[in-house]
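Visitor: Each protein sequence line maps, in turn, to chains R and B. Read in order, the letters of the first sequence correspond to residues 1 to 235 in the numbering used here. Read in order, the letters of the second sequence correspond to residues 1001 to 1290 in the numbering used here.
Treat the hints with caution; some may be incorrect.
Said to hold, decoys possible - For lysine-lysine, the following DSSO-like pairs were computed, each having C-alpha atoms within a straight-line distance of at most 27 Å: (1) R:Lys210 to R:Lys13; (2) B:Lys1111 to R:Lys117; (3) B:Lys1111 to R:Lys155; (4) R:Lys155 to R:Lys117.
In case anyone wonders, no lab produced these hints; they're calculated from the structure. It should be emphasised that the depicted structure is a prediction, and the values quoted were computed from it without experimental measurement.
So you can see what is in the structure, the chains are spelled out below.
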Amino acid sequence: MLTLTEVHTYYGKSHILLGVSLEVQPGEVVGLLGRNGVGKSTTLKTIMGLVRPSGGHVRFEGREIAGTAPHRLAHAGLAWVPEDRRIFRLLTVMENLRTGLDRPGMTEARRRELLDKVYAHFPVLAERRSQAGGTLSGGEQQMLAIARAMMLEPKIILLDEPTEGLMPRMVGQIREIITLLHQDRVAILLVEQNVPLTLDVSDRVYIMEKGLVRHHATAAELRADHAVIHQYLGV
Amino acid sequence: MSIPLDQILIQTVNGLVNGMILALVASGLTLIFGIMDVVNFAHGDLVMLGGFTGAVTIAATGNFWLALLVAVLVIAVFGAALQATTLRPLLGRDPLTTILATFGISLVLQKYALWQWGPSARRIQEPLTGQFQLFYLQYPWYRVLTAVLSAAIIGGFWLFLRHGKYGIWIRATMQDRIMASAMGIPVPWVHTGVFAIGAGMAAASGVLFGPLGGVTQNMGLDFTLRAFIVVVVGGMGNLGGSIFAAILISLLEAYASLVVSPAQAVIVSFVVLILTLLFRPTGLFVPTPK
Ligand SMILES: Nc1ncnc2c1ncn2[C@@H]1O[C@H](COP(=O)(O)OP(=O)(O)OP(=O)(O)O)[C@@H](O)[C@H]1O
Ligand SMILES: [Mg+2]
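Produce the entire structure from the sequences given, and follow the hints as far as they go.
Guide: Take a look at the structure:
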């Protein structure tokens, strides 16, 4: 469904992605691991159209999407949950969610349904619906960031370090959400530092090093092969 | 030295009236800055074009209200076209690029107005000629009307921002342009729309100001400068701050003109600007980042 072939990305003069190739099948959870600064977030931003690749192909459902405006990709079924969450701090929780609801082809009934669904999964967001996004705790903001992405009814979610800085209880909740999205057949490309969690929830895992995908295996294989994890991630 | 109370009250009314028109111009300017980081140095020239469009419409129809409406719509559409063709391609570039671009637009618009309408001032006939007794003065109702209308336009826009889908799009884009686009908000069109709204507000000020000061092809610079000072004092991109700063500066100028000549009173706004830049460089109403 999503295929990257030999993708190169620059920030100014610095060459960050040196030919990244990976793919995600419909409904699949794919982990993307790697040390700090190897280009994981840049890979997600490149897919979302936020930085333009200088070479290679990004294909979504068979269509080349490199260079397509992000808002069109959002309508086409890609959603992005950035590592710093990027809640609209001065918008209320409800308004944050609405940013993803006012798109072509939406009916009032469908909007209601989607809102009811996330409020059922995240009761805390329902409680705080009229509160400014910036006043939520870190964990609540992460919930909101994921819930906001779900408003787009995406086919794939690009999830960047969702458990970063969260308490263990919150990490458990994130794991539940990922499982839930998986059951709903939403594909996920998951960037994480938390290796056990990633191996747990993913079908397959890519490991990046200095702008390249260096290793690719099923999560089951990696669970049995700690040497590889140690070699690339030092844990 | 003592100043009679009635003079102070008269200057308070004057300051409020001038402040509201200035607030209307400054709102558009601060909005455009807030959403696309562009200081629109052609903003005053949109006021001027609005004034001329109004004057031409009145000459043809004799109807002030129709002229106000036509000017707002025509200049809003013109503003949208201007943004889409000249500013959209420059988004995210060095601020100097957009300063030069809008400054260039300003020059072109002035020369166009000179060519089209000539160098002499046009006065717009006010829709309301009555006056009321304000102490020893006959004070024109029209001046009060301009303040009320300006406030109504700003208030209407504020409601538009608070409620509904487009208000959310604009506020989300102001806060985080990249996240907004990733959420499916068509950010390039939000920019164009906001520029059109700012241009429409500028045009409304031009028509409202027409009966008070006349419309001339070179009036824009003064409006741009005054609105720019207000926007800096109010905190770049802060709508409420700009409105407050517009009224504050106009009141201070009005009071200053009690003791010095009106031409000298203009200095007040520069003093406020310099003090703001010295002590609160992010504006009076935005907390200085630590
Ligand atoms: N906007 C930018 N401009 C210039 N360089 C950048 C920019 N963003 C990231 N980089 C650089 O690109 C490289 C890859 O960054 P990226 O954020 O993709 O890493 P990452 O794998 O997500 O790391 P982390 O695990 O720390 O989040 C880093 O060296 C970083 O310093
Ligand atoms: Mg990262």
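Visitor: Hints the structure violates: just list their numbers, smallest first.
Guide: Hints 2 and 3 contradicted; others consistent.
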